[in-house]
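Visitor: Here is how the chains run, residue by residue.
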Amino acid sequence: MSQTISLLVENKFGVLARIAGLFSARGYNIDSLSVAQTEDPTLSHITLVTDLEPKAFQQLLKLLDKLVDVVSVADLSNGHSVARELALLKVKADQAQRVEILKEAELFRARVIHAGIDAYIFEVTGDTGKIEAFIRLFQKYEIQEVARTGAVAMARDSRQGHAI
Amino acid sequence: MKGAEIFVQCLLQENVEVIFGHPGGVVLSIYDCLYDAPIRHILMRHEQAAAHAADGYARASGKVGVCIGTSGPGATNLVTGIATAQMDSIPIVVFTGNVPTHLIGSDAFQEADIVGITRPCTKHSYLVRRVEDLARTIKEAFYVAATGRPGPVLVDMPKDVLLAETEFDYPKTVNLRGYHPPSEGDWAQVEKAAQLLMEAKRPVIYAGGGVISSGGSAELVETAELLQAPVTTTLLGMGCFPSAHRLSLGMLGMHGTWYANTSMSHADVILAVGVRFDDRVTGRLAAFCPNAKFIHIDIDPSEINKNVQVHVPIIGDAKTVLRQLNQLLVEQCAKTTEEWQAERRAWHAQIDQWKEQYPLCYDDSDEVIKPQRLMEELSNVTDSAAIIATDVGQHQMWAAQYYRFTQPRTWLSSGGLGTMGFGFPAAIGAQMAYPDRQVVAIVGDGGFQMTMQELATAAEHRLPVKVIIMNNAFLGMVRQWQEIFFERRYSAVDLSLSPDFAKLAEAFGIVGMTVTKPAALASALREAMDLPGPVLVDVRVAQEENVYPMIPPGGAIHEMIVGEYKSPKVVHMS
Chain P
1 MSQTISLLVE NKFGVLARIA GLFSARGYNI DSLSVAQTED PTLSHITLVT DLEPKAFQQL
61 LKLLDKLVDV VSVADLSNGH SVARELALLK VKADQAQRVE ILKEAELFRA RVIHAGIDAY
121 IFEVTGDTGK IEAFIRLFQK YEIQEVARTG AVAMARDSRQ GHAI
Chain X
1 MKGAEIFVQC LLQENVEVIF GHPGGVVLSI YDCLYDAPIR HILMRHEQAA AHAADGYARA
61 SGKVGVCIGT SGPGATNLVT GIATAQMDSI PIVVFTGNVP THLIGSDAFQ EADIVGITRP
121 CTKHSYLVRR VEDLARTIKE AFYVAATGRP GPVLVDMPKD VLLAETEFDY PKTVNLRGYH
181 PPSEGDWAQV EKAAQLLMEA KRPVIYAGGG VISSGGSAEL VETAELLQAP VTTTLLGMGC
241 FPSAHRLSLG MLGMHGTWYA NTSMSHADVI LAVGVRFDDR VTGRLAAFCP NAKFIHIDID
301 PSEINKNVQV HVPIIGDAKT VLRQLNQLLV EQCAKTTEEW QAERRAWHAQ IDQWKEQYPL
361 CYDDSDEVIK PQRLMEELSN VTDSAAIIAT DVGQHQMWAA QYYRFTQPRT WLSSGGLGTM
421 GFGFPAAIGA QMAYPDRQVV AIVGDGGFQM TMQELATAAE HRLPVKVIIM NNAFLGMVRQ
481 WQEIFFERRY SAVDLSLSPD FAKLAEAFGI VGMTVTKPAA LASALREAMD LPGPVLVDVR
541 VAQEENVYPM IPPGGAIHEM IVGEYKSPKV VHMS
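Chains P and X, in that order, are what the protein sequence lines are. Every letter in the first sequence is one number past the one before it in my numbering, and letter 162, counting from 1, is 162. Every letter in the second sequence is one number past the one before it in my numbering, and letter 228, counting from 1, is 228.
This is chain X alone, in the form it adopts within the complex:
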C-alpha cells in the first residue's frame, strides 16, 4: 500500500470523520486518495483557519481534531492555529507535507523545517522518514494528542514517503517509554485535600479547562454541592459549572466578576482544579489570595508550584480525582455538625452581600446597542444553549460575562494565546461536529477581518453557522487600554473604514444583516437563528463602551476597577 493510502487508512482506524485542510503540491497523493475515501475534507480558504477549525471541532466534540496543509507556506500558515491549541491544551493532529527526503535541507521549492518551526508550540512532533514508520507514527500522534494533558501533535510527511509502498499494519498499542500520562490521584493526598476542605470556613473552587477536557463537570457540581463551596471558573472553564447554579460566582480574573475575585481574596482554602494560575487570573501574584491554602489538581506535574506555592498537590485527571474526592466527601459531609452548616451559611451570606454590592451591570440604552445587551439578547434567543465561539478582545469578555453558559463544551475561545481570527473558523469546526446544533461565532470587527475569507467555506457547505459581529469600529480592547492607560491617544485602532460586512456576506452568497437600533436587536437575532444556512449579522454597538470590572495591569485581584454607572442594569446570572 502506498504511503498516501496508509495515511487515509490510519485516519479511518482512528474514526476520523472530517479533516480541515488545503491541498498543495507535495500532498497531492493524499488528496487523490481522499477523493474516494469516506472521510469528509473541508477545504478551508487559509491553513490558519484549517487549524482553528480542527481546534473548534475538538473543543466542541471532545474528539481529536485533524487538519492538513502542504509543505512550506502551507505548513507555516498552520503555526498560529497550532500555538493556539498548545496554549489551551486542545488535542489536534496536524499533518503537513514536505519535500522529498533527498531534498530536505536543500532549500527546495516550498521547503520549510516545520518540525523545527513548531517545536516550541506542539506537545510532540514527528518527521516521518520511512514509509514503514508512517502507520506507527500516526497511531502515536493520536494517542499523544488525546491522552494526559492534551495538545497538538504534528506529523510531517515527505512526498516520497507518501509515494513509497509497504504493508499496511496499524499497531494496536502504543509503546512510548518516556510517556506515562497519570490518571488516578494519590489517595493520601486526596485524603489531605478532603480534610482541608472540610475544615475550611471560606472555601472556593477555582475550576478551569482541565475540568472540561477530562469531562468532569458532573463531578465538579457534586463536589461543590457536597462542600457547599462556591465555584468560579476561568475563561476556559466557562460551562464546566452551570452559571445559573446558586453556587456560581461566574468568571474570575482580569475581567471576572468583582465578587468572584473578592471571594478568592477572602477564601481560606481554594480547590484549584484543571487550572494553571494564569497571570490573567492571578493579577499581581504577591497579593493573590493571601489567606488561602491551595489544593491543586492537575494532570501536568509541571503546572504544580509553577506560579503559586501549593499546599496539597494532586497529580491526576481532573474527573478521576474529583470522583476520588467525592467518595470521601460523601461520607464526611453526611455527618457535618450544625456549626459547620452555620459557617457555610455565613460564607454564602457574605458572598450574597458582595454580589449585591458590585453586581455585573451596565448602563443600558434605547438609542445605541450596548454590547452587553447584545450578549443577553443572544442568550435569550438561543435559550443559552448555543455553542459560542469567539475571537479575542472586548466581545470575548462580554460574551464570557453576559452569555449564560449552562453546559461544558459550548464555549470555544482562544484563552492562552489570545488569537484574533480564531472564532469564525472554530465555529465552522464545531458546526461540522454538530450539524444540528446552533453554533454562533461572536467576533469583533477587528478579528473577523483576519479570517473572514472563511465565509466562502461556510457558504460552500451551507453550514448553519451564524456570525455576529460586535462592530464598534475599533480594535476595542486596545482602544480601551489606550483610553485608560494612554490618555485616549487612539493610535492605530480606528476601523471605521471597514467593509460593509452585510454586503460582504452577500458577495459570498450568504445572508447579511445590519442592526443599528436596540429595538431591532432581538428580532434580528431571532431571524438570523431561524434562517437556514449561514447568516452574518453586523451589529453596530456603542463605540467607546468599556469592559468592566477590570484588574488594571500589575494590579491585584482585590484592586478591581468596577466602572461607574448612571442607572445600572443589573444582570443576575440565574
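Only chain P is shown next, with the shape it has when bound in the complex:
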C-alpha cells in the first residue's frame, strides 16, 4: 500500500540528500517527490510517496523526524488528506483530429497551454488516478511527451498536518 508523507524542512542545501539517504541506505524506493519553498522562505515543503511494509514505514517516519533539519513530519496515509499532481502532455494533433482531441481534453478539464501546428500541449491536474486515466485515454492519439510532477498533499483538518 502506498504511503504519503509530508515534511516541513529547513530550506538549506543537503536536506533532501539526507532524506533520500534514509531511503537509499535501506534499498527503499521513493515513488514520487515534490519539493518547494513555503510561504516562509526559510522552510520547504516536501511531499513524498513511497510503498513500504508497515513496520518499515513506521521506523522511517521516526528516522525522518530525527533529522536535525526536518522540522515536522506528517503521515498523510490515513485518507484524511488531499493530494494533487500535475501532468503536461504533448499530443500530435492533425487538422482532422483537433476538435475531437479538444473535446476529450475538456472531459478532464485539461487546459491547452500550447497549440502548435501539429500538436497540443495540455496541462492537467488531479489525483494519480485521474492523471493516469487522462494519459490512457490519449494513448489512442500519438503522445509525443509526458512530464509529470510528484504529488503534493495536505491534511484536510486544520489540526492535523504541520502546526507551525
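Treat the hints as calculated values from the structure; they're not laboratory data. The model shown is predicted, which means the values in this text are computed figures rather than measured ones. By construction, the Cβ of each residue, glycine as well, lies at the ideal position given by its N, Cα and C atoms. There could be a bad hint or two in this list.
Under 10 Å between C-beta atoms, here's a sample of chain P residues computed to sit facing chain X [said to hold, decoys possible]:
1. 14
2. 21
3. 22
4. 41
5. 42
6. 58
7. 66
8. 67
Fit chain X to the known structure of chain P by using the hints.
Guide: Only chain X this time, still in chain P's reference frame:
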C-alpha cells in the same frame, strides 16, 4: 577576525582543552592560529587515529571529543573513526578543511565531498560556505553532538572561509527548529513501568551504553537494589553496574555469561535501559525472551520497537527516567509483603544455581599463558581501576568477561562497528583526558597492526599508556569461527610473521617487553604499570583458545555453546 581565529575562539568558548589531528594544505591557517593558542593539539600519525582518540577522550571523560583533518584524503581517513562514534553514540565534533568555495565541485587537488561521504555516519553535518556562519555552526555542532542521543557531528570548512574576516560573535543559545532532545519521561508511562516491575516475579535489568552516557550509574544501582532485580549489561554498558555487586550477572549476548542469557530467557519483566536490542545481544529474535514483557527506556524514539515489540516505552534520558522510576519505587518497595520478598529470594536462588551450573571458567595452564588469565592478572595488578581500551575480537571479549569493571567510563571499546585499530588511539585519547590515571590498551596482534604507528604519538608525549598485545599469532576471532563453522580451514588468519612487537616499540623509543610464560606474567604486568611513560607488553598466549560461552550465529540466547573444560578454573566476579 579571520575564520581560522574564529575557529580557535569557538573551541575556547566550548572549553576544549585538547584536539587530535593532522595538518595539511587547506587547514594551514588554523594550524598557524593553534601555534599560539592555549589548546593542546596532539599530532596523530593517521587521521583515523585522530578520530578514535577524540572518541576515546569522549568515552572516558564524558566531554565532547574534537579532531581535525585536512581536505580530501585527510578527511576520508577520518571516516572509520566517525562511523565508530556514530554506532556507539559518542559525542565528537570532527573538523575538516576543504578546497576554496569557488573550487568546490571542480575535482580540485585534495577535494572530497566529505559531507556527502559521511552523511550516513554522522548525527549531523555542516558545510560552512560563509565566514559569517562559522561561529554559529560550531556552536550548533557542539550542542547537537552532546545533547539527546549523542553522536559525531562534522563541520567542513573551505579554505577561503578560514581566511575571510568578520566580527566574532559567539551565540549564547542554539535555535534549531527541528531538534528537540527529550529529557524527562512521561509520568504515566513511568508509573506503568513501576507497577509492572513490582508485579514481576522474575525481573531482569538489561542496561547499556545509554546509562553511561547519561551518567545514570548510581541511579541504576538504586533501581536494582530497590527492586532486588539482577542486572546484566551490554558490551557498551560494562562498568555502569559494578561487576562485584551481588546482583550483577555480567555481560549478556553472544559472548555473555550463560547465566545472564538464561536469566533473560526466564525473565517475566525486563527493564531495558539505554540499550538498542542489538543482534549480538538478542541472538535469534523470534526466540528472544519469550516470557518477558519489556519496559524500554531510551532517549531515541526510533529505537523503540525497532527490533523488539515493547510493552512500556519511555522516551527520555536514562538517568532522569531512572530517577523518576526510583521516586515511585522507594515508596512502593517500602511496603512490600513477605510474599514479594520470598519471590525475589526464590528468583535469586534460581540464578545462583545457574551461576554454579555454568560459571565463567577456563582451563588454566602453567605451560602457556591463557588469555583469560592475562585479563585476571591485569585486573589484579591494576586493582580493577584502570581505564581499558580495546580493539575488536577475542581479546575484547575476554577483557569484557574477565576484567572486573567497577566504574562507568572505564571501558572503551568499539561495540557497534567493531573497529579493529580502535583500542590504542582511544587509549591515547583517554590518557589525554586523565594524565594521572592508569590507561591500558588491550589489543590483538591483528588490530594493533592497523594503528600501531601511534606508538610515535605515545612516545612523543611520554604518555603513560600501556599497550598489552594479546598475541596468539592469529586473527583470533576469525580463526575461532573458521574452526567451529568452517572445519578448521584457516584461510588468511595466520599472523605468525608479524613483527617483533617489543623491538618495534624500542624502535619508537618505548620500552618493549615480551612475556611467554605464565609464571612471569604478573611481575611483567606490574613492572609495565610501574614504569613511567608508555610501555608495550607483547604477551604470547595460547594460540587456539576459544571464547566461550558463545551463541552460534543464528542461534537463540538459550542455545549457548558453553565449551568443555578438563579442570575448569572458575571465575567469581566478586
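Visitor: For each hint, tell me whether it holds in the structure or not.
Guide: Status of the hints after comparison with the structure:
no., hint, verdict
1, 14, "7 Å, holds"
2, 21, "6 Å, holds"
3, 22, "9 Å, holds"
4, 41, "14 Å, violated"
5, 42, "9 Å, holds"
6, 58, "8 Å, holds"
7, 66, "6 Å, holds"
8, 67, "7 Å, holds"
Checked against the numbered hints given earlier, the structure breaks only hint 4 and satisfies all the rest.
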